[in-house]
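J.: Sequence:
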Amino acid sequence: MEEDKIKKIKQSFRLMMNGPASQSMRQKGVGYKVNWGVPFPQLRSMAAEYGKDYHLAVALWKEDIRECKLLATLIMPSGEMPRELADIWMEQVTTQELAEMLAFNLLQYVDYAPQIAYEWIARSEALYQVTGYSILGRLFMRGQQPNSRGANEFLDQVATSLAEGNVGVRHSALNSLQRFASLSVDFRNMVPESLAHLYLD
57 MEEDKIKKIK QSFRLMMNGP ASQSMRQKGV GYKVNWGVPF PQLRSMAAEY GKDYHLAVAL
117 WKEDIRECKL LATLIMPSGE MPRELADIWM EQVTTQELAE MLAFNLLQYV DYAPQIAYEW
177 IARSEALYQV TGYSILGRLF MRGQQPNSRG ANEFLDQVAT SLAEGNVGVR HSALNSLQRF
237 ASLSVDFRNM VPESLAHLYL D
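Heads up, the sequence shown is in this note's numbering, so the first residue is 57 and it goes up one at a time.
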């Protein structure tokens with residue numbers, strides 16, 4: 057059943073192929089075995105057509121095709137995504153686009169989202185950090201406030217990332233920091249003191 061759906065989905069990608077977008081991504085180092093350059097809004101429409109489907113999402117993720125992996129993040133039911141599978145998927149993330157989409161479309165909604173986010177921002181791998189900060193940014197955006205320990209841990213990691221991280225990590229860290237500061241006056245007041253040594257406004 058899944059095989060038939062996968063075949064149909066791949067045929068749809070060919071029809072929606074955006075050559076210039078695909079070429080541009082390749083030139084920027086966005087590496088997939090196959091990349092059709094299909095715009096995200098079209099993938100979201102496809103996801104709505106297929107609905108939430110655990111088995112289809114798992115099958116799609118196994119394909120080394122940009123659109124299949126992005127579609128998998130959209131149709132995987134967050135309530136059925138075990139932590140073990142989240143770790144496996146994260147190990148297979150190879151681009152910043154996929155890291156961000158995995159966070160935005162799926163991992164921000166799983167029950168263990170804060171746990172993996174704090175673990176991943178503390179790792180040395182850039183894509184783990186990007187995903188972790190992206191998850192936290194979405195949680196803060198939805199009004200989820202960390203406790204005192206979590207807030208301090210977050211700010212410590214942000215300071216390290218802004219000082220040592222690559223461009224993608226710094227961008228993700230700053231985005232999540234802005235969401236953190238918007239939670240309340242108390243959280244906003246914590247930011248300058250924590251980052252004073254970086255001479256940031």
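Source of the hints: derived by calculation from the structure; they are not laboratory data. Being a predicted model, the structure only gives us computed values, none of them experimental. Note that the Cβ used here is the ideal one computed from N, Cα and C, for glycine as well. Any given hint could turn out to be false.
[What the hints assert, rightly or not] Result set (DSBU-like, lysine-lysine): computed pairs, CA atoms no more than 35 Å apart in a straight line:
id	residue 1	residue 2
1	Lys118	Lys64
2	Lys66	Lys118
3	Lys118	Lys63
4	Lys64	Lys108
5	Lys108	Lys66
6	Lys63	Lys108
7	Lys61	Lys118
8	Lys108	Lys61
9	Lys118	Lys108
[Unchecked claim] Each pair of labels, with its calculated beta carbon distance range:
id	residue 1	residue 2	range
10	Glu59	Gln234	19 to 29 Å
11	Asp60	Ser238	37 to 47 Å
12	Val241	Glu59	24 to 34 Å
13	Arg244	Leu71	45 to 55 Å
14	Asp242	Lys66	26 to 36 Å
15	Gln171	Leu239	29 to 39 Å
16	Arg205	Arg179	34 to 44 Å
17	Leu71	Arg179	35 to 45 Å
18	Arg244	Glu59	34 to 44 Å
19	Met197	Arg70	27 to 37 Å
J.: All hints, please: hold or fail.
T.: Comparing the hints with the structure gives:
Our distance criterion of 35 Å between C-alpha atoms is met by Lys118 and Lys64, whose separation comes to about 16 Å. Note on Lys66 and Lys118: the hinted pairing holds, with a Cα-Cα distance of about 13 Å set against a maximum of 35 Å. For a cut-off of 35 Å, the pair hint linking Lys118 to Lys63 stands: about 13 Å separates their Cα positions. In summary, the hint linking Lys64 to Lys108 is supported, as the alpha carbons are separated by about 17 Å, within the 35 Å threshold.
Between Lys108 and Lys66, the direct Cα distance comes to roughly 18 Å. Compliance with the 35 Å bound is thereby established for this hinted pair. Taken as a hint, the Lys63 and Lys108 pair is honoured in the structure, with Cα atoms around 18 Å apart against an allowance of 35 Å. Distance hint between Lys61 and Lys118 is fulfilled; the C-alpha atoms sit about 14 Å from each other, no more than 35 Å. Between Lys108 and Lys61 the alpha-carbon distance is near 14 Å, which keeps this suggested pair within the 35 Å criterion.
The straight-line distance between the Cα atoms of Lys118 and Lys108 is roughly 17 Å, inside the 35 Å bound, and the hint therefore holds. For the hinted restraint 19 to 29 Å between Glu59 and Gln234, the CB-CB distance of approximately 44 Å leaves it violated. Our hint of 37 to 47 Å for Asp60 and Ser238 holds, since their Cβ atoms are close to 46 Å apart. A C-beta distance of roughly 55 Å is found between Val241 and Glu59, which places it outside the suggested range of 24 to 34 Å.
For Arg244 and Leu71, the hinted distance range of 45 to 55 Å is satisfied, since their beta carbons lie about 48 Å from each other. At about 50 Å, the CB distance of Asp242 to Lys66 disagrees with the hint of 26 to 36 Å. Between Gln171 and Leu239, the C-beta spacing of about 19 Å breaks the proposed range 29 to 39 Å. About 19 Å separates the C-beta atoms of Arg205 and Arg179, a value inconsistent with the hinted range of 34 to 44 Å.
The given range of 35 to 45 Å is respected by Leu71 and Arg179, whose C-beta atoms sit roughly 39 Å from each other. For Arg244 and Glu59, the Cβ-Cβ distance of about 52 Å falls outside the hinted range of 34 to 44 Å, so the restraint is violated. Range check, Met197 to Arg70: about 36 Å between beta-carbon atoms, so the 27 to 37 Å window is met.
Going down the numbered hints, you'll see the structure goes against 10, 12, 14, 15, 16, 18, while the others check out.
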